[in-house]
Amino acid sequence: MKNISLPLFMLMVVSGLAQEPAPQIARQGQVSFFSYTTVENIEAINNHVLSILDPSDHKIAVSMLMRAFVFKKALMQEHFNESYVESDSYPKATFEGTILDFDPYLEGVQTKMIEGQLTVHGITKETNIKAHIENLKGNYSIHGDFQVAIKDFEIRVPPVVEKNIAKTIAITFQFEYTPYKTQ
Amino acid sequence: MKKKALFFSCLCLMAYMGVGAQELLQTLEKEYPEAPQYAFATFKTTRIALGHSVETRKKGTMELSVFSRFWNLPERTQSFVADRMNARFGISYALTDRWSTGFGASNLDGIFDGYLKYRLVEQRTDGKGSPVGITLLQNSSYRSIPNRGINASDGFWDKLAFTSQLLIAKKFTPNFSMQLSPTFIHRNSSRAAEDPNNHFAVGFGARYKVGGHVSITSEYYYLANPVNSFETFDPFALGVNWELTDLLLQFYLCNVGNIAEDAFITQTRNNFNFRDGNLYFGFNATFVLHLTKR
Numbered sequence: 001m002k003n004i005s006l007p008l009f010m011l012m013v014v015s016g017l018a019q020e021p022a023p024q025i026a027r028q029g030q031v032s033f034f035s036y037t038t039v040e041n042i043e044a045i046n047n048h049v050l051s052i053l054d055p056s057d058h059k060i061a062v063s064m065l066m067r068a069f070v071f072k073k074a075l076m077q078e079h080f081n082e083s084y085v086e087s088d089s090y091p092k093a094t095f096e097g098t099i100l101d102f103d104p105y106l107e108g109v110q111t112k113m114i115e116g117q118l119t120v121h122g123i124t125k126e127t128n129i130k131a132h133i134e135n136l137k138g139n140y141s142i143h144g145d146f147q148v149a150i151k152d153f154e155i156r157v158p159p160v161v162e163k164n165i166a167k168t169i170a171i172t173f174q175f176e177y178t179p180y181k182t183q
Numbered sequence: 184m185k186k187k188a189l190f191f192s193c194l195c196l197m198a199y200m201g202v203g204a205q206e207l208l209q210t211l212e213k214e215y216p217e218a219p220q221y222a223f224a225t226f227k228t229t230r231i232a233l234g235h236s237v238e239t240r241k242k243g244t245m246e247l248s249v250f251s252r253f254w255n256l257p258e259r260t261q262s263f264v265a266d267r268m269n270a271r272f273g274i275s276y277a278l279t280d281r282w283s284t285g286f287g288a289s290n291l292d293g294i295f296d297g298y299l300k301y302r303l304v305e306q307r308t309d310g311k312g313s314p315v316g317i318t319l320l321q322n323s324s325y326r327s328i329p330n331r332g333i334n335a336s337d338g339f340w341d342k343l344a345f346t347s348q349l350l351i352a353k354k355f356t357p358n359f360s361m362q363l364s365p366t367f368i369h370r371n372s373s374r375a376a377e378d379p380n381n382h383f384a385v386g387f388g389a390r391y392k393v394g395g396h397v398s399i400t401s402e403y404y405y406l407a408n409p410v411n412s413f414e415t416f417d418p419f420a421l422g423v424n425w426e427l428t429d430l431l432l433q434f435y436l437c438n439v440g441n442i443a444e445d446a447f448i449t450q451t452r453n454n455f456n457f458r459d460g461n462l463y464f465g466f467n468a469t470f471v472l473h474l475t476k477r
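Those sequence lines, one after another, are chains A and B. Mapped onto this note's numbering, the consecutive letters of the first sequence carry residue numbers 1 to 183. Mapped onto this note's numbering, the consecutive letters of the second sequence carry residue numbers 184 to 477.
Bound conformation, chain A alone (with noise of 0.2 Å):
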């Protein structure tokens, strides 16, 4: 009996834990990207984002194939990925962070900052993004914007160009979780 009770006592602990919201995941989530500049408006949509949210610890992830992005002329998509982003080099763009002052259990829509690293390029910078993060019956869906200057990221525009692709790049984001099973 006695040998029993330690592993009945931490099942029962590791239960009542369990009741904390579990890992969700976003598999269509969607990124796209804006450049505006007064001779060219550029822009691209990723529809095949992931995303994974554990509202426990306040933690997210988002990772996504820069050959994903799709651009309304082909060319451009294929100059992106090869003189821009060096997608061979470099295929996945990544963001991992923490929601700061996340109440998991609050129902409608919260605006918090996310404070993480986004790596684009090889490249890992400290990156804040205001995210609009809500909880619908235990389902989340985050959303939001920020700007990225592509300086940052070591992409290089020639001077040709210069006046064509914008300094600093807007990005749109939108991804809607369900529960995470692991397979």
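Since the hints were derived computationally from the structure, they do not count as laboratory data. Heads up, a few of these hints could be off.
Said to hold, decoys possible - With a Cα cut of at most 27 Å, we get these calculated BS3-like pairs of lysine-lysine:
#1 A/LYS137 to A/LYS112
#2 A/LYS73 to B/LYS213
#3 A/LYS163 to B/LYS476
#4 A/LYS92 to A/LYS73
#5 B/LYS476 to A/LYS167
#6 A/LYS137 to A/LYS72
These numbers were taken from a predicted model, which means no experiment stands behind them.
Starting from the structure of chain A, add chain B where the hints point.
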């Protein structure tokens, strides 16, 4: 027994913590769906320099191109820029992501040419599928001014020639690609009886990306059975590509004046060197128009 229980309870705790937040990014790595990854920009342009590359444009893309060659004659003084020039004005259209077709006319020998190009296999970069990309090309040309030519000029059919190519390319590293192009050329007629009507050739092409938008290209064709009525040499080109925006520019030095495949592979009369009459400066400008926006 007590140790065992403690171990079990620890295991329970670890199993729970396993889905913890520490390595969320690593968890995501495993969640990527199994989607095929294809090599892109093996060659960015549809021509390496002289001949076709494996590349085809995406559906609904039109290319307007001017391919030109400039050269000096040994016995003449330069009048303006160069003694002679040849230009091919061309238009091509991608019917689908795999099929494309094009048409062009060049002033030297008055050659009109048209082609059909089909991307048969795309190179996969994820270790599965084909390690090379394969494209089929069928070109036909009509020589309207046959005075320099090796074909007879009695009727329309005599002036036709057909080039079939199997283009096999591989992007070895993000910067380096190579292409092998087995080629079969059929000419409808030969003026001299000793000249073969069918030719076999192999093309070798390479591209090395030196900067974000600049690459060096080279191309060489080995002709297995040249014509016998006069001496010919194998075509060679060495150049620089400038790949930026919708306008793709190619600059190269070569020993070839003609632009249609059958003409430059079988009828190059001078070797590659820097003497007047032998050195040709080549310039390809291709403007890419996206007619169907995605």
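Verification of the supplied hints:
1. Note on A/LYS137 and A/LYS112: the hinted pairing holds, with a Cα-Cα distance of about 19 Å set against a maximum of 27 Å.
2. For the proposed pair A/LYS73 and B/LYS213, the alpha carbon gap of about 31 Å is over 27 Å, so the pair is violated.
3. A hinted pair counts as satisfied when its Cα atoms are at most 27 Å apart, and A/LYS163 with B/LYS476 qualifies at roughly 23 Å.
4. Pair hint A/LYS92 plus A/LYS73 holds up; C-alpha atoms about 21 Å apart against a cutoff of 27 Å.
5. Distance check on the hinted pair: B/LYS476 and A/LYS167 sit about 25 Å apart at the alpha-carbon level, within 27 Å; holds.
6. Taking the CA atoms of A/LYS137 and A/LYS72, the gap is about 37 Å. The hint is violated against a cut of 27 Å.
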